[in-house]
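Chains A and B, in that order, are what the protein sequence lines are. Going by my numbering, the first residue of the first sequence is number 1, and it counts up by one from there. Going by my numbering, the first residue of the second sequence is number 1, and it counts up by one from there.
Note that these hints are calculated values from the structure, not bench results. Fair warning: there could be bad hints in the mix.
[To be verified] Chain A stretches covered by chain B per the calculated footprint, using a threshold of three residues with CB under 8 angstroms from any CB of chain B: (1) 51 to 62; (2) 81 to 93; (3) 133 to 143.
[What the hints assert, rightly or not] Keeping only pairs whose Cα atoms sit at most 20 angstroms apart, straight-line, the calculated SDA-like set for lysine to any residue is: (4) A:100 / B:151; (5) A:112 / B:151; (6) A:100 / B:177; (7) B:42 / A:112; (8) B:42 / A:85.
Here a beta-carbon is modelled for each residue, glycine too, at the ideal position from N, C-alpha and C.
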Amino acid sequence: MTGNIATDADVLALAATVNDPEIPVLSIKDLGILRDGRVEADGTVRLTITPTYSGCPAMDAIRDDLVRVFQDAGHEKVEVDLVLAPAWTTDWMTAEGKAKLAEYGIAPPTGKAGHASPVRLGLTVKCPRCHSLSTREMSRFGSTSCKALYVCQECHEPFDYFKVL
Amino acid sequence: MTATHASPDHSLDSFGDAAASATRVTPGNALRPEDIAVRPDKPSDDVAEYALRLGDDSLILAQRLSHWISRGPELEEDIALGNIALDLLGHARSFLIYAGHTLGRSEDDLAYWREEEEFRSAWLFEQPNGDFGVTIARQLIVSIYQHLLYSRLVNSSDTMIAAISAKALKEVDYHRDHATQWTLRLGDGTEESHERMQAALEFVWPYVDELFDEDALFERLGDAGVRPSTLREQFDAEIAAVIDEATLSLPALPRAMGGGRRGLHTEHLGYLLAEMQVLARKHPGATW
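Using the sequences and the hints, build the whole thing.
Okay, here's the thing in structure tokens:
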């Protein structure tokens, strides 16, 4: 029963239905974690993913979810490769992904990755609730590796910000 | 089948896969060494030794920093130091898995079943956390050093070392920012915070020189590694700038002996390992 996944495009479309376990509104495609998907000559589905952060514990769950979604579709032979290079960056996050993040209540990354000075200066982060630009960083490290903690000075709500990497 | 040389049973081999699976959530659920890259070539013996040093530095510091979780001066710091520890653990896993391809050992085997003298980390990483100032002083030194090192290692002729470094570099950039900001706040803060931050710098300063020591390995590594002595000038300039802006003074203290790269350690490493390894050793093959 493999007829429904015949092409690489089918593989990518099905893989893109897997969501990030920490931010369930985003698919691994939105996040840029999904790098490649192919059907090999012998029918094996080969997927390539890359971790957001080196220590990201979500990778194991993502691998399992990928294998499961293909097995549910009748594909038993699934290989998931983890690659480190090129290193993941928030620049790979799709525009759709950023919009979904904001709607979910997490401010999406502002600006492009890159580093020059020992003290990082970020662009203004917009409050995902009241859209005020008057926000303040409380901690550069948040509930997961990829997020920082902000607070809105207008509506006083604390919120997560997906930081630029 | 002649005589048995079966060693007494502390031999690592005797645990085999059981040791390898010591930290698996469930068997087969975690990233296996072969997953870290698409079928990588085994590193040479020299690159494996180098990866072991890089991995051990990060592993030991990750263990130290994770001790702050639930003990930070404020909730945000629990989270920050915990996140930094997690990043470092990620770097350690990548390096140790890579070294393990050649050494014939898994990451867990390397973390849980080596003795003190088999660890290759420098002394700075195993020093006790002290107060928050000491931890920040150590973070400042380590993050500036690692940032310079990984900035150069992204061009390593060994593609795996280059890939791990490129990933680590982006994360260490945040660590450096964190340590810099705290050094500025504490150094240029109250009279007490200033004094304690100065004392903290003096506590860790003797361990700085060892980071830049070189041995014959670097000659053999060639372009796969980076000679640490070539990072020193920029390290001194960067750290002096932060220390100066924080109204602190650069300590002038004799160096500690060092020797971690050869397996000689301070008394602190044994206690650290005892805590880190006890569960895996007491219950070989345990999964959780």
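Taking the hints in turn, this is what the structure says about them:
Look at the segment 51 to 62 of chain A against chain B: 8 of its residues bring a Cβ nearer than 8 angstroms to a Cβ of that chain, three or more, so the hint holds. As drawn, the segment 81 to 93 of chain A meets chain B at 9 residues by the rule of a beta-carbon pair under 8 angstroms; at three or more, the given contact holds. Only when three residues or more bring their CB closer than 8 angstroms to a CB of chain B does the claim for the segment 133 to 143 of chain A stand; here the count is 6, and the claim holds. Distance restraint check for residue 100 (chain A) and residue 151 (chain B): the Cα-Cα separation of roughly 34 angstroms exceeds the 20 angstroms cut-off, and the hinted pair is therefore not satisfied.
Among the hinted pairs, residue 112 (chain A) with residue 151 (chain B) is consistent with the structure: their alpha-carbon atoms are about 19 angstroms apart, no more than 20 angstroms. Between the alpha carbons of residue 100 (chain A) and residue 177 (chain B) the distance comes to roughly 29 angstroms, so the proposed pair goes past 20 angstroms and is violated. Simply put, residue 42 (chain B) and residue 112 (chain A) have alpha-carbon atoms about 35 angstroms apart, too far for the 20 angstroms limit, and the pair is violated. Note on residue 42 (chain B) and residue 85 (chain A): the hinted pairing holds, with a Cα-Cα distance of about 17 angstroms set against a maximum of 20 angstroms.
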